[in-house]
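In order, the protein sequences belong to chains A and B. Take 1 as the starting number for the first sequence in my numbering and just add one per residue. Take 1 as the starting number for the second sequence in my numbering and just add one per residue.
Because the hints were derived from the structure by calculation, they are not lab data. We put the beta carbon where it would ideally sit given N, CA and C, even for glycine. Treat the hints with caution; some may be incorrect.
Claimed, not checked - So the derived label-pair ranges between C-beta atoms look like this:
{"no.": "1", "chain 1": "A", "residue 1": "16", "chain 2": "B", "residue 2": "7", "range": "53 to 63 Å"}
{"no.": "2", "chain 1": "A", "residue 1": "17", "chain 2": "B", "residue 2": "218", "range": "22 to 32 Å"}
{"no.": "3", "chain 1": "B", "residue 1": "62", "chain 2": "A", "residue 2": "45", "range": "22 to 32 Å"}
{"no.": "4", "chain 1": "B", "residue 1": "53", "chain 2": "A", "residue 2": "16", "range": "20 to 30 Å"}
{"no.": "5", "chain 1": "A", "residue 1": "60", "chain 2": "B", "residue 2": "48", "range": "36 to 46 Å"}
{"no.": "6", "chain 1": "B", "residue 1": "98", "chain 2": "A", "residue 2": "60", "range": "21 to 31 Å"}
{"no.": "7", "chain 1": "B", "residue 1": "53", "chain 2": "A", "residue 2": "56", "range": "13 to 23 Å"}
{"no.": "8", "chain 1": "A", "residue 1": "10", "chain 2": "B", "residue 2": "99", "range": "13 to 23 Å"}
{"no.": "9", "chain 1": "A", "residue 1": "10", "chain 2": "B", "residue 2": "42", "range": "19 to 29 Å"}
As the list claims (entries may be wrong) - On the chain A side, residues computed to face chain B include the following (Cβ under 7 Å):
{"no.": "10", "residue": "17"}
{"no.": "11", "residue": "25"}
{"no.": "12", "residue": "29"}
{"no.": "13", "residue": "32"}
{"no.": "14", "residue": "33"}
{"no.": "15", "residue": "36"}
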Amino acid sequence: MRVLTGILRELAGLFVDDGWLAIAILGVVALAAVVAALTPAGSLAAGVVLVCGLLAVLLINVRAAATR
Amino acid sequence: MIWTTAAPAIVTAFVSSLVEAVEALTIVLAVATVRGWRPAGLGAIAGLALLAAIVLALGPLLNAIPLQALQLLIGVLLLLFGMRWLRKAILRAAGVIALHDETRAFAHETSELREKALRLEERLDWLAGITSFKAVVLEGLEVVFIVIAVGAAHGLLVPASIGAIAACLLVTAVGFFIHRPLARVPENTLKFAVGVMLSAFGLFWTGEGIGVAWPGADLAILGFAALFLIVGLLASALARRPSAEALP
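Please build the complete structure, drawing on both the sequences and the hints.
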């Protein structure tokens with residue numbers, strides 16, 4: 001049972017290590033989904049939000065971790 | 001099969017599986033050193049059997065999910081997984097956190113098992129087998145996830161699986177002959193590269209999942225990889241501590 005719990009905990013850890021990073025990624029995806037729903041089909045606005053948002057999240061998160 | 005998509009999927013599956021297989025091999029070797037090949041081998045085989053069962057169970061489930069929902073689900077999971085790898089690799093390259101050291105991991109695992117041997121002699125074979133099993137399952141689950149993630153949404157499960165199996169066989173063969181952890185593998189550089197590729201795939205699938213029509217279709221993955229690489233190197237340079245080793 002302890003082995004199974006350990007495996008499940010490590011499995012969750014594969015996707016969430018730094019909670020702030022995970023929340024920020026999900027936030028950018030949610031924002032892009034809203035933009036995609038509000039703009040006409042074929043528009044690149046949601047893609048731009050996704051690309052710029054994720055790259056910014058990575059840069060900000062690394063900077064924050066380095067100064068901690 | 002479109003090679004612009006297949007080649008990155010195969011290379012990503014191969015390189016990421018190489019990293020995971022090296023980590024699993026370190027622990028299996030530590031178990032074999034302390035308690036012999038029997039519990040180490042049996043634990044590893046049991047772990048591989050569980051992984052095979054998971055793959056067989058997941059296959060039909062994936063076919064039941066509508067493509068766009070599958071792309072979104074896999075895309076988001078890949079972003080969480082890939083950007084976590086990339087962040088860690090950047091911080092390691094910058095010297096903010098310590099590099100993963102297979103020799104140290106081997107020594108730690110060996111001394112932990114030896115300590116258990118003094119206390120739990122009669123149950124040690126069982127504990128050694130469980131340690132080996134857990135290492136193979138945990139590292140193997142990452143391989144299974146990566147293969148499914150880069151292969152499932154574009155019909156590339158077979159090429160991605162071939163890349164992963166080739167890496168596992170290569171590491172097993174090398175480990176079998178040298179009987180030592182593969183400490184010379186440039187693990188952080190590989191993890192940096194895999195983090196870049198997984199994040200690029202994640203961005204592509206997430207976009208497809210919410211209805212974005214990427215310019216250049218599949219070729220956009222390579223563009224995203226270039227962007228993640230540039231930002232990753234920039235972030236590493238900005239976060240660098242004086243003692244850090246530069247990425248080759």
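- Would you pick out the hints that fail for this structure and give their numbers low to high? Hints 1, 7 not satisfied by this model.
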